[in-house]
Amino acid sequence: MSTLLEVKNLKKYFKTPGGMLHAVDDVSFSINRGETLGVVGESGCGKSTLGRTVIHLLPKTSGQIIFDGEDISDVDDHKLKELRRDMQMIFQDPFSSLNPRMSISQIISEPLKIYHVCKNSKELDSRVTALMETVGLALRFRDAYPHELDGGRRQRVGIARALALDPKFIVCDEPVSALDVSIQAQILNLMQDLQKERGLTFIFITHDLSVVKHISDNISVMYLGNMVEKSPKKELFDNPLHPYTKALLSAIPQASIHRKKERILLEGEITSPINPKPGCRFAARCIYAQDRCREAAPPLEEMAPGHFCACYRAKELAQG
Amino acid sequence: MNNTVSFKEYILKTGTASVQEYSAENDNYVRKSQLREIWGRFCKNKIALLGLICLLLLVAMALFADVIAPEGYDNQDLYNKFALPSAEHWFGTDNVGRDIFDRVVHGSRISLTVGMISVSIAAVVGILLGSIAGYYGGRTDNIIMRILDVFMSVPGILLSLSIAAALGPGLFNLMIAVGIGSVPGYARIVRASILSVKEQEYIEAAHCIGCSNARIIFRHVLPNCLAPIIVQATLGVASAILVASSMSFLGLGLEPPIPEWGAMLSVGRPYIRDYWHLVAFPGIAIMITVFSLNVFGDGLRDALDPRLKQ
Ligand SMILES: Nc1ncnc2c1ncn2[C@@H]1O[C@H](COP(=O)(O)OP(=O)(O)O)[C@@H](O)[C@H]1O
Ligand code: SF4
Ligand SMILES: [Mg+2]
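From first to last, the protein sequence lines are chains C and D. Mapping of the first sequence onto my numbering: residues 10 to 329, in sequence order. Mapping of the second sequence onto my numbering: residues 40 to 349, in sequence order.
These are computed hints drawn from the structure, not numbers from a lab. Be a bit skeptical, because a hint or two may be false.
Cut-off 30 Å, straight-line C-alpha distance, at most; resulting in silico cross-link-like pairs (DSS-like, lysine-lysine) [stated by the list, open to error]:
1. C/205 to C/17
2. D/120 to C/69
3. C/90 to D/237
4. C/20 to D/237
5. C/90 to C/128
6. D/237 to C/122
7. C/177 to C/20
8. D/237 to C/88
9. C/122 to C/286
10. D/237 to C/24
11. C/177 to D/237
12. C/324 to C/242
13. C/20 to C/90
14. C/255 to C/324
15. C/69 to C/131
The model shown is predicted, which means the values in this text are computed figures rather than measured ones.
Use the sequences and the hints to build the structure in full.
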């Protein structure tokens, strides 16, 4: 299992009228080839910004990105265009991620045209047909426009566009959260099949733990720009360590009447990511917070093999 | 916690409708072209349809002016000045005995040409400036928009008048003067719609698949800003015709004997108390043209953007 992507101390700050907004603050992780890293967290915690910064859709503030053994932290336009072939993105909103003035075949063929992948229009045609079949889109939609399709089909178009250049790595930014639950299942299954067939590597962003449970190998939990917990999927669900992760897990409704489970309610507003105070970002809402939590940020430490957590009290809480 | 399964997870796990099943040809999907939809919505607005018919007639009149009025527009008949409308001279004759009907017919060529070309000049320059300002934002945006603000602080007609005065009379200069006066309007509209289109995810998707900036502007941004530009241009032709006529009326546009409608008003003005027909017919011609363009433009706006109507 070789590492495809390694991100070290990535930071992305936005300048806002109120000060520096720390959207992604010192995040590190790595992903193996063919695996999926699920990124979970409330909306506004910087998940999309993280995904976009990694694939150079947003310029980073600082940090290092190593892709396929190569340092791509700083790239020029030429190198970036080359990189785009290998790194793609599937977007959250299937209604705004497709150009309403382009037909489905135009949308899917655009990346092929830009990179001159096909020698003639016949070859282009057959590539588009093959892509539409791969994602399960009926060919009669070739000349349709996005507004004529339902959400699930549009998302399939978005997936076909991302696959067109045969990338190695895809950032999936909440690709199913705008869809009905029954359609979510179809799209998730499609993505898993594609991953198996093509050996794709995913970052799968979502605010919904039940979705990542379905698709990820590893899960990292974000809170206000920080990665607070990172672990293999099973370990995280069986043995969550960070108070925030516990609260998230307790919010999943359970289909069992025998087990009473305490729901941990998160009190208070999410604090502002603009010029954040020192200390643990979660302290304002954490029922276990102590004085030291407000003084310096807890480091992300390995608590069990492969299981990292950034909380001063995680060990003691796990035992007690 | 791990041996229970949430309801949603259950659906996610078992909802394994296969890919092929999903795309089965079992729904009745009817392909309808976008143009046909737009046309259907347009036809619901009867006044706009009337405007379109008037416009088509006007264009036909301009194209076939030589057939409709084969005598041309400059035949003086000094024995027959100020003749009232009659079977021979439908609209009467003017102060040097020229047939007013012939002149109005030939004048449609001038007015439509001036309207369309000055609007094209304004639209091309305005779209270019507005796209650059909206797409690149920041300082570029600031510089362009502040310069245009200066232009906009001068009333449009005054601006056109000063430019015309500087350039001198003549058809081409008139078109430039009228065109430059309305550049800021286009630039603003284009900039505003680009700012809203730029936020859409499909622009980000375009970056992601390696589109160049030029490709993004011309393939993704501008086509989605087209509706407001088309509407502004249609309404712009009307106001350009009005401005051109006003300038000719004031003596800064076209000079006699060119049958520009505004210039004809100017010629007839001294005789307005005794001979109404010298100003009435060119006046009505301007009115009908401007009215049809305006109602057509309004109808087009509603047809292109159905959300506006609701
Ligand atoms: N272009 C931007 N300019 C300024 N702030 C931004 C921008 N994009 C995102 N943000 C801010 O960064 C934070 C993280 O946003 P985002 O990554 O979209 O969160 P998520 O995807 O987890 O919902 C939010 O507080 C958001 O307001
Ligand atoms: S470090 Fe302190 S405040 Fe932060 S999560 Fe742990 S206990 Fe709560
Ligand atoms: Mg997001």
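Hints versus structure:
Straight-line distance between C-alpha atoms of residue 205 of chain C and residue 17 of chain C comes to about 27 Å, which keeps the hinted pair within the 30 Å bound. Simply put, residue 120 of chain D and residue 69 of chain C have alpha-carbon atoms about 80 Å apart, too far for the 30 Å limit, and the pair is violated. Taking the CA atoms of residue 90 of chain C and residue 237 of chain D, the gap is about 20 Å. The hint holds against a cut of 30 Å. At most 30 Å may separate the alpha-carbon atoms for a hinted pair to count; residue 20 of chain C and residue 237 of chain D meet this at roughly 25 Å.
A distance of roughly 20 Å separates the Cα atoms of residue 90 of chain C and residue 128 of chain C; the hinted pair therefore holds under the 30 Å criterion. With a C-alpha separation of about 22 Å, the suggested pairing of residue 237 of chain D with residue 122 of chain C holds against the 30 Å cut-off. In summary, the hint linking residue 177 of chain C to residue 20 of chain C is supported, as the alpha carbons are separated by about 24 Å, within the 30 Å threshold. This hinted pair checks out: residue 237 of chain D and residue 88 of chain C have alpha carbons roughly 24 Å apart, not beyond 30 Å.
Restraint check: the Cα-Cα separation between residue 122 of chain C and residue 286 of chain C comes to about 48 Å, which exceeds 30 Å; the hinted pair is violated. Between residue 237 of chain D and residue 24 of chain C, the direct Cα distance comes to roughly 19 Å. Compliance with the 30 Å bound is thereby established for this hinted pair. About 28 Å separates the Cα atoms of residue 177 of chain C and residue 237 of chain D, which keeps this hinted pair within 30 Å; it holds. For the hint pairing residue 324 of chain C with residue 242 of chain C, the CA-to-CA distance comes to about 19 Å; that is within 30 Å, so the pair holds.
For the suggested pair residue 20 of chain C and residue 90 of chain C, the alpha carbons sit about 23 Å apart, so the restraint of at most 30 Å is met. A threshold of 30 Å between alpha carbons decides the hint, and for residue 255 of chain C with residue 324 of chain C the separation of about 14 Å falls inside it, so the pair holds. With a CA separation close to 40 Å, the supplied pair residue 69 of chain C and residue 131 of chain C exceeds the 30 Å bound.
Violated hints, listed in ascending order, are 2, 9, 15; each of the other numbered hints is respected by the structure.
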